[in-house]
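Chemist: Quick mapping for you: the protein sequence lines, in order, are chains U and W. The first sequence begins at 1 in this note's numbering and counts up one residue at a time. The second sequence begins at 1 in this note's numbering and counts up one residue at a time.
Don't take each hint at face value.
Note that the list lumps identical chains together, so a pair holds whenever it fits in one copy or between two copies.
[Said to hold, decoys possible] Derived lysine-lysine pairs resembling DSBU-like cross-links, with alpha carbons at most 35 Å apart:
1) Lys283 with Lys64
2) Lys197 with Lys64
3) Lys197 with Lys9
4) Lys440 with Lys197
5) Lys9 with Lys283
6) Lys9 with Lys272
7) Lys440 with Lys9
8) Lys440 with Lys188
9) Lys9 with Lys215
10) Lys188 with Lys9
11) Lys215 with Lys440
Because the hints were derived from the structure by calculation, they are not lab data.
Protein chains: 2
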Amino acid sequence: MNGAESLVKTLLGGGVDVCFSNPGTSEMHFVAALDRIPGMRCVLGLQENIVTGAADGYWRIAGKPACTLLHCGPGLANGLAGLHDARRARSGIVNIVGDQAVYHRPFDAPLTADTEGWARGVSAWTRTSTRSEDVGADAATAIQAARTSPGQIATLILPSDSSWNEGGVVAEALPVPAAPVADPHAVKQVARILREKRGVLLLLGGLALTEGAQKQAHRIAAATGCRLLAEGSNARTQRGQGRLPLDRVPYVVDQALAALADVQNLVLVNAKEPIGFFGYPGKPSRLYPADAAVHVLTRNEQDAEAALAALADELGAPAAAIPSAGRRPEAPRGALSPEGLARAVAALMPEGAIIVDESVTYGRGFFPETVAAPAHDWLQNCGGAIGYGIPVAVGAAIAGGGRRVIGLQADGSAMYTVQGLWTQARERLPVTTVLLSNRKYQILLGEYQNVGANPGRTAMDMLDLGNPDIGWVQLANSMGVEAAQATTLEALGDLMAQSFSRPGPFLIELMI
Amino acid sequence: MNGAESLVKTLLGGGVDVCFSNPGTSEMHFVAALDRIPGMRCVLGLQENIVTGAADGYWRIAGKPACTLLHCGPGLANGLAGLHDARRARSGIVNIVGDQAVYHRPFDAPLTADTEGWARGVSAWTRTSTRSEDVGADAATAIQAARTSPGQIATLILPSDSSWNEGGVVAEALPVPAAPVADPHAVKQVARILREKRGVLLLLGGLALTEGAQKQAHRIAAATGCRLLAEGSNARTQRGQGRLPLDRVPYVVDQALAALADVQNLVLVNAKEPIGFFGYPGKPSRLYPADAAVHVLTRNEQDAEAALAALADELGAPAAAIPSAGRRPEAPRGALSPEGLARAVAALMPEGAIIVDESVTYGRGFFPETVAAPAHDWLQNCGGAIGYGIPVAVGAAIAGGGRRVIGLQADGSAMYTVQGLWTQARERLPVTTVLLSNRKYQILLGEYQNVGANPGRTAMDMLDLGNPDIGWVQLANSMGVEAAQATTLEALGDLMAQSFSRPGPFLIELMI
Numbered sequence: 001m002n003g004a005e006s007l008v009k010t011l012l013g014g015g016v017d018v019c020f021s022n023p024g025t026s027e028m029h030f031v032a033a034l035d036r037i038p039g040m041r042c043v044l045g046l047q048e049n050i051v052t053g054a055a056d057g058y059w060r061i062a063g064k065p066a067c068t069l070l071h072c073g074p075g076l077a078n079g080l081a082g083l084h085d086a087r088r089a090r091s092g093i094v095n096i097v098g099d100q101a102v103y104h105r106p107f108d109a110p111l112t113a114d115t116e117g118w119a120r121g122v123s124a125w126t127r128t129s130t131r132s133e134d135v136g137a138d139a140a141t142a143i144q145a146a147r148t149s150p151g152q153i154a155t156l157i158l159p160s161d162s163s164w165n166e167g168g169v170v171a172e173a174l175p176v177p178a179a180p181v182a183d184p185h186a187v188k189q190v191a192r193i194l195r196e197k198r199g200v201l202l203l204l205g206g207l208a209l210t211e212g213a214q215k216q217a218h219r220i221a222a223a224t225g226c227r228l229l230a231e232g233s234n235a236r237t238q239r240g241q242g243r244l245p246l247d248r249v250p251y252v253v254d255q256a257l258a259a260l261a262d263v264q265n266l267v268l269v270n271a272k273e274p275i276g277f278f279g280y281p282g283k284p285s286r287l288y289p290a291d292a293a294v295h296v297l298t299r300n301e302q303d304a305e306a307a308l309a310a311l312a313d314e315l316g317a318p319a320a321a322i323p324s325a326g327r328r329p330e331a332p333r334g335a336l337s338p339e340g341l342a343r344a345v346a347a348l349m350p351e352g353a354i355i356v357d358e359s360v361t362y363g364r365g366f367f368p369e370t371v372a373a374p375a376h377d378w379l380q381n382c383g384g385a386i387g388y389g390i391p392v393a394v395g396a397a398i399a400g401g402g403r404r405v406i407g408l409q410a411d412g413s414a415m416y417t418v419q420g421l422w423t424q425a426r427e428r429l430p431v432t433t434v435l436l437s438n439r440k441y442q443i444l445l446g447e448y449q450n451v452g453a454n455p456g457r458t459a460m461d462m463l464d465l466g467n468p469d470i471g472w473v474q475l476a477n478s479m480g481v482e483a484a485q486a487t488t489l490e491a492l493g494d495l496m497a498q499s500f501s502r503p504g505p506f507l508i509e510l511m512i
Numbered sequence: 001m002n003g004a005e006s007l008v009k010t011l012l013g014g015g016v017d018v019c020f021s022n023p024g025t026s027e028m029h030f031v032a033a034l035d036r037i038p039g040m041r042c043v044l045g046l047q048e049n050i051v052t053g054a055a056d057g058y059w060r061i062a063g064k065p066a067c068t069l070l071h072c073g074p075g076l077a078n079g080l081a082g083l084h085d086a087r088r089a090r091s092g093i094v095n096i097v098g099d100q101a102v103y104h105r106p107f108d109a110p111l112t113a114d115t116e117g118w119a120r121g122v123s124a125w126t127r128t129s130t131r132s133e134d135v136g137a138d139a140a141t142a143i144q145a146a147r148t149s150p151g152q153i154a155t156l157i158l159p160s161d162s163s164w165n166e167g168g169v170v171a172e173a174l175p176v177p178a179a180p181v182a183d184p185h186a187v188k189q190v191a192r193i194l195r196e197k198r199g200v201l202l203l204l205g206g207l208a209l210t211e212g213a214q215k216q217a218h219r220i221a222a223a224t225g226c227r228l229l230a231e232g233s234n235a236r237t238q239r240g241q242g243r244l245p246l247d248r249v250p251y252v253v254d255q256a257l258a259a260l261a262d263v264q265n266l267v268l269v270n271a272k273e274p275i276g277f278f279g280y281p282g283k284p285s286r287l288y289p290a291d292a293a294v295h296v297l298t299r300n301e302q303d304a305e306a307a308l309a310a311l312a313d314e315l316g317a318p319a320a321a322i323p324s325a326g327r328r329p330e331a332p333r334g335a336l337s338p339e340g341l342a343r344a345v346a347a348l349m350p351e352g353a354i355i356v357d358e359s360v361t362y363g364r365g366f367f368p369e370t371v372a373a374p375a376h377d378w379l380q381n382c383g384g385a386i387g388y389g390i391p392v393a394v395g396a397a398i399a400g401g402g403r404r405v406i407g408l409q410a411d412g413s414a415m416y417t418v419q420g421l422w423t424q425a426r427e428r429l430p431v432t433t434v435l436l437s438n439r440k441y442q443i444l445l446g447e448y449q450n451v452g453a454n455p456g457r458t459a460m461d462m463l464d465l466g467n468p469d470i471g472w473v474q475l476a477n478s479m480g481v482e483a484a485q486a487t488t489l490e491a492l493g494d495l496m497a498q499s500f501s502r503p504g505p506f507l508i509e510l511m512i
């Protein structure tokens, strides 16, 4: 058995059976092993951020890692932005990167690069398997690292001779470490704050946004009157009927400062302290009052639901039913608006839909309009590297096993990873992309005006996406994805309903 | 004056007047400064490898650096593959990367990443300007580093507060260091080899492929009977009428071993020893005989033309006219073939054309068929990160000031950076892309078969680009580039001639 075969068998034995890939020459023996050993679903991306973004989306829905297969050096580099976003979303990925043969590397062949150096910035665990005998054991460790709570990127670098040499040994799956429980002292301390202090906000992030954790958080809020809020960007929020209508920290600094102005005690539950996406002249980095006290109930790797349950018990909080979210909205009519789009999605989405939200400026008001939708998952971009939407939709659809994925997708962001539409077509994935075609980097125009000026010709040359306008229907069609334009809410609703009733991907170019 | 304004003025003062850009929020003050201060041509790319690849192409033709403008963290990561290829091509680039404000960075905002760490792998010089007062001086040093022979990547990281704070100081341009001259002992030693030894090959790379250096190399070969050969991949080779019909080291290992089998003395002139792109089981890394002696006339940063002239003088070699390349071929007719395509290009290209060659497998025989074309430049991918073609064509066209750029472009590679077509349309660049549509990763199918098997279903899922076929005419049209299909050499010739006679870009989907 060669190293590559031991790798495939160890991956399958460890429950990793989906491989998002864009291989090159140095990975051919691994491709050959995948071909010989059945059981791995291999999904090709035509650029590496499709591959890494898909692995991110897969984890968020499947709750277990996929593996990637990236070409050496620049192949990894091309996927770093997707890995950056996945790291910020705390997604687990077994990130497999080919490399030059160990003996060939010193010759500095053209594709040779600092693979380990590039990988470390996004990986919790990085190892190069320099001997075929070690590949299996290293892969088992990588799977364990990827599955370590809350989810981590484990990069396994595979020189081509480690792949082709005989001597591979399949490794048993290692135990998956359980999420650590909260410190009982932290639980007691937060209970005391909730009993004695005012202006308490429980800020929920990561694992604190599951349906189970939400129920415990609601018990606490119902018993103490504390406020609940989600972080600004969240990997996966369970929302809709039966879930809490949680709001989140606004993106815009002034709005966030206003939303958090009354906080005197900030309790972090798998969340980070709220800070600005960027620094701005004369504005604070921290988005909460300087004199607020910060308390940590749980860190991001800890078991949020158990901690919240323990806290509720400590408080003697009775069971509390999640209140009804009210009536599902009707499909709206008339001119396009952000609220209208959100209501259309809420009115028409199938039960169990997965929303992949890369709506950027247009989507800031989507949350309130969708609380009464059927139960669904809402996925956000946690790392800020734009272009996450189309790839994450690929992975979420593959993990979803038939669940409809709805991408709310800004046009500027979509262009970074537009190649992912081809993968959606090839795999016949149930993805409906609502492409928000405003033909500009709207967020940057806003930021530019904050700098204190109206953009002139040179600035517009860098912020405007018109001239020429991108034809999204043609673009989607060219990669095998059916598409149509909508200029009214009625047309949007018709196209959405139609796409939900059929298998395969569809793109709606929404002329906003 | 704020830091950003001092940066723009220092760049313009140092002769850097083209900026390939994809900015984000942290770069808005720099964008505002570009808007206020006239003189910089700003060209937007919709993904960062377009930006960095364009800067690479610009250097190759202009011989002076452009600057980039990349968004912090993942923005840089998205451009690393283009920078990798540029580094291997020894292109000079002033690579400007935004970053979090200095005081905001410790808060680990979502886009925060190891910018310096990612940059170092591709940069000869990396510096973060942490004070507005330093930005001008750092920029002047960056320009000098970029222009240091043979060309280097200088990465200047610009925290947003260094940009917006007052106190900026414009820096004078620093002197550009001349390329070092060859060691006279090396010249004498190589002259002795040429006089006394047999099986001498002068391997020419980088600056040794200019027209001037070729003339000196030809003097030496005519006087001594030594062999001349170019490296396998070269940033810019001056070719066609009046230039040497140089062959190059073949890509395929067995062909390269055969081509170099008779070499007993290998003289490197701004070249590296020829080694395989990859290691393969049972094949050597070095492509020349193990018992050949290796001599270095010049390193890649040294003045090749002067060294070759000194060597020719040392040998007492008389002046020797470059022999005629023969008659320009006629436009061919009939079924498509690699040779037919090459002859069509040779027959129809305008004088002074720039060929950007990312033809991969299809183009291995293009060189012999194009020696009798009018004088032209031929640009190759030196780093092996595919997707270099469309972006490099953008930069070469902007530097070329009206010269026609002809992209010979494999389809799989094109998909990595397809967004660059939009920039070609927006800037109305004279780029004719011949898109080689074979709907598979042909090179990998070949490599797979070398592994010893025919690909099965799983392997084909990773190597085949059909299902669905990409519609290149639609795809180009969607981004504003006119396009048409050709299935015969006649149609190819007609479309080529038509595109050469009109301004702006055109794409020919060649159904190979």
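Chemist: Would you mind marking each hint as holding or not holding in the structure?
Modeler: Evaluated hints:
no.	hint	verdict
1	Lys283 with Lys64	neither (40 Å within a copy, 40 Å between copies)
2	Lys197 with Lys64	neither (40 Å within a copy, 64 Å between copies)
3	Lys197 with Lys9	neither (55 Å within a copy, 55 Å between copies)
4	Lys440 with Lys197	neither (47 Å within a copy, 65 Å between copies)
5	Lys9 with Lys283	between (53 Å within a copy, 28 Å between copies)
6	Lys9 with Lys272	neither (38 Å within a copy, 40 Å between copies)
7	Lys440 with Lys9	between (47 Å within a copy, 28 Å between copies)
8	Lys440 with Lys188	neither (51 Å within a copy, 62 Å between copies)
9	Lys9 with Lys215	neither (40 Å within a copy, 58 Å between copies)
10	Lys188 with Lys9	neither (46 Å within a copy, 59 Å between copies)
11	Lys215 with Lys440	neither (41 Å within a copy, 51 Å between copies)
Consistency note: the structure conflicts with the earlier hints numbered 1, 2, 3, 4, 6, 8, 9, 10, 11.
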